[in-house]
Each structure stands twice: as C-alpha cells, then as structure tokens.
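Work the whole structure out from these sequences, hints included.
One-letter residues, chain by chain:
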Amino acid sequence: MATHDIRVTVNGTAYDAQVESRLLLVHLLRDQLRLTGTHIGCDTTHCGACTVLLDGQPVKSCTVLAVQADGRQISTVEGLEKDGKLHPLQEGFWEKHGLQCGYCTPGMLMTTCALLTRSKNPSEAEIREAISGNLCRCTGYNNIVKAVQFAAERLGKEA
Amino acid sequence: MIPASFDYHAPGTLPEALALLSKYGDDAKVLSGGQSLLPLLKLRLGQTGHLIDIGRIPGLEYIREEGDFLRIGGRTRESALESSDLVRTRYPILHDTAKVIADPLVRNMATVGGNLAHGDPGNDHPATMLALGAQVVATGPKGERVIPIEQFFLGLFRTALRPDEVLTEIQIPVPPARSGGAYLKLERKVGDYATAAAAAQVTLGSGGTVERAGLALTNVGPTPIKAADAEKFLAGKRPDAATLGEAGQRAAKAASPSADRRGSVEYKREMARVLATRALRLAVERAGGR
Ligand SMILES: Cc1cc2nc3c(=O)[nH]c(=O)nc-3n(C[C@H](O)[C@H](O)[C@H](O)COP(=O)(O)OP(=O)(O)OC[C@H]3O[C@@H](n4cnc5c(N)ncnc54)[C@H](O)[C@@H]3O)c2cc1C
Ligand code: FES
Ligand code: FES
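Same order as they appear, the protein sequences are chains A and B.
Position one of the first sequence corresponds to residue 1 (the numbering used here), numbered consecutively onward.
Position one of the second sequence corresponds to residue 1001 (the numbering used here), numbered consecutively onward.
A hint or two may mislead.
To be verified - DSSO-like mimics (lysine-lysine), calculated; alpha carbons at most 30 Å apart, straight line: (1) B:LYS1023 <-> B:LYS1042; (2) B:LYS1099 <-> B:LYS1029; (3) B:LYS1099 <-> A:LYS120; (4) B:LYS1023 <-> A:LYS146.
Bear in mind the hints are in silico, worked out from the structure with no lab data behind them.
All figures in this text were calculated on a predicted structure; none of them were measured in a lab.
Shown next as structure tokens:
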C-alpha cells in the first residue's frame, strides 16, 4: 500500500498528513483533518455538495485525490467566517432563505465565493450558470440566486 | 466509494512520465483531470496498479496560434478553453463545445487531452475535432508522432494511443477566411452526456458555395461519427436550406445509436438529423454566408 507525505494549506493553516494514494480529498478533509463542513452527497461527481476551492478554483473534492492537493491551497466552508463574523454570502443565505435542509449549502457557498471573486456584480444568468454544477433538492434555486445578489451588493458597499 | 489500491506517481517532467509508463506498461494509466478516470476507479469499473499524474509537468497547458495551427496543450483545462478570447472569437465551435461539457466545477479539472484520450463516444470534443480536421501529437519513448483525428478513435474506449504514450498537443488547422463552425448538443440537464450532438465547420468559397465542410456526431454510435457522405455532398454546393437539410439526412444515416434512458434509436437518429442541419446552418452564418 503506497503512502505519501503531503502538506496542504487549508483555510490558511498548513497541515502535514500521511495519505494513501487512493485517499480522496474530501476524506482527507472530513476524516483526517476533521473539517466536516464539506459534505458528501452523491459521491459520483454529480451534486457538488463536496465543492471546495483548490488554488481558488471550485472543484468536486470527491473527484480529486488528496495527494493531488500536495503543496496547494484549499478553502472550505469553515474558512468563510472571520473573527466571529459571517461572510456576506453566509449572511445572504440567512437573510434570503437560501437554504432549507442545508445539505448543498457548503458547496453552494464555495462555488459562489469563487464567482464573486472573479465577477463583482454577476447577472442572474451568470449566477445560475456558475451554480449549475451544484444541485439543491430543496430551495428551487431562486432564493440562492437572491442570496448571492445580496452578498454581491454587500461586498460592493464594503469595497 | 473508494478506489482499489494503486500507487501514485507525480513526475515533474515529460521524460520521467514516459519512463514510468514504459516501466509499468499495461499496469499504468495517465491521470490528467481525473474527471472520467477517478469516477471509473471509484465505481470499480476500472482498475490500475499505477497512476501517472501529468498534473505537475510544466508546459502542457496552453492555447496559441503558431504556424498553420491552433495548438492546444494536452492538459489544457476546459475552463481555460471556455474563457479564452482567442477561442471565442476565432474558433466559436470550440467555445460552443467547451461550455456544454459537464458542469463548471468539472470543467475546472477536466482537460481537452483527457476528453479525447478517454475514447468515450459521449465526450464532446471528439466530434468537434473531427469537424475541424484536427490532429493530435502523441509523445512516446521514441519521440513524437502525429495522428490525424480520423484515425484516432478505434472503438468504445479505444484510441490509437499506445500505453506508453502521452497525448501532448492538439493541432487544429487555422481556418481560412470565410470559415465558421458550431457545436449543438441536446442534453437532458447540465452535466449530462449528449442525447445527440453535432459539430459543423464550414469554409465558403468566393462564389458563396461550400469549399469544405466538416461534420461529425456525438454519442450516436460506439465511436464519434464523421459524416463523410454529408461532407462530400456539401462540397461545391450552395448552402441553401434544402441542401443543408439533405446533408442532415445523410449525417443521420451515418449514425448507429443504441436505445437507452436518453431515448430510442429512432429518436436519437432524428435528433442527430435536426442538430446536424442546425449546426450547419449556424456554421454557414458564422462563415458570413447569411
Ligand atoms: C458529472 C460529469 C459529467 C460529464 N459530462 C461530460 C459531457 O457532457 N461531455 C464530455 O465530453 N465529458 C463529460 N464528462 C467527462 C469529462 O469531461 C472528463 O473529464 C473528460 O472526458 C476526461 O478528461 P480528464 O482530463 O478528466 O481525463 P482523466 O479522467 O484524467 O483521464 C481519462 C482517460 O484518458 C487518459 N488520458 C488522459 N489524459 C491523457 C493524456 N494526455 N495522454 C494519454 N492518456 C490520457 C487517462 O489515462 C484515462 O484513461 C463528464 C464528467 C463528469 C464527472
Ligand atoms: S459528493 Fe462530490 S459531487 Fe456529489
Ligand atoms: S437546501 Fe436542501 S439540498 Fe439545498
């Protein structure tokens, strides 16, 4: 059984870990680093519940090997809140009822976080396109779109 | 789901990757974006002793026009293709294709080389490359060889790549003036493989007739399908509605779909006809024909 010593930076903190070749990034995060905010939904690369940012890009962490992340930056939902203050996106999901069961929410937050980094004022179409790889079985998406618009506006005011 | 055990290698250079592939032969697989391979290994539909990750080899991700070709590095991500201004303005058929592959998250990992090397008739780039008359560069222990795309897809999940080769570059002939292309895909939802899809690339001559037409179909047979009869039919003709419709008919005849949850044989063949006709019409429009 092949193992590898890797170092990953998650939400700004460096972690050293020994991983088997076949360990998936989502299992490294959840089972070894105990960052269970990232969810596993389908486990077949369809739902996006497991979305994290890898060097700033949203990817499905159930379809990336942990060793592929060696030396790279990862952002998860746990990193959004800063000093006890929710991220504007988190506030938006709260204010606009962007969630019901909350299962898809960590993935939605990470995908839309990357969207707002590259596009300050996305159109509704852009938002819907960006989240088209994240499935939500509860909200019907409308309130998620509103939550992202809320956050875009809030971030615009802060800037 | 957890894949069966394998060993993982992350060579820093192409020669190292090739040496590993030669060493392990059939017991090794190239890992590029992993968006086809990892799901396969997780579902245990496939197994391998060694994954050779080409992700840390510099110089395999680029999109540039050079000489007579648009050159795309084998590990170029779909998301890079999608956001490239060069691709959007000069190769709209490629832009069309990239943006309907899987979903935006998968496209941040998935690569153009992987899309071709996988040999899945459901992949979208193969038809586009057939329509464009592309060629791929395979690099092996003895150096590079160039494979015309028409000779690349041998069967279901089978390509002309040898186990010790890496697909390093895709070369697309720079289209002459008055060329245009389009890719149209029917899918049940974002992230689904095509029920049927059609790729068309057209060059018009000075008199407004078709000088060259490339036409190919996705997911309506065991391999991507080049609609050679339709292409020949179009050459030299004026691209009016009747002619494009007849070409669509001929393309549909070349399809050999099988029935599954996406539809019956008849339905898929009919969709291939409609999409081929519409893709040709849009290609002609973009070529400045109307
Ligand atoms: C939910 C989902 C939906 C999808 N929908 C679509 C879709 O609609 N259309 C579509 O076209 N694709 C779709 N895909 C597939 C996706 O685009 C794949 O990622 C792509 O087909 C393979 O590219 P990759 O870089 O991920 O290759 P990998 O998964 O890394 O590799 C695939 C195969 O090609 C080989 N290989 C890869 N690169 C090379 C190389 N450079 N040289 C030699 N061999 C190589 C590997 O050994 C492996 O056998 C979907 C995938 C998922 C998970
Ligand atoms: S758990 Fe990864 S995409 Fe569904
Ligand atoms: S809130 Fe339940 S899946 Fe989205």
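Hints, one by one, checked against the model:
Proximity of LYS1023 (chain B) to LYS1042 (chain B) is assessed by CA-CA distance (about 25 Å); at most 30 Å being required, the pair is judged to hold. Taking the CA atoms of LYS1099 (chain B) and LYS1029 (chain B), the gap is near 27 Å; set against the 30 Å cutoff, the hint holds. At most 30 Å may separate the alpha-carbon atoms for a hinted pair to count; LYS1099 (chain B) and LYS120 (chain A) meet this at roughly 21 Å. Between the alpha carbons of LYS1023 (chain B) and LYS146 (chain A) the distance comes to roughly 55 Å, so the proposed pair goes past 30 Å and is violated.
The structure is inconsistent with hint 4 alone, although it conforms to all the rest.
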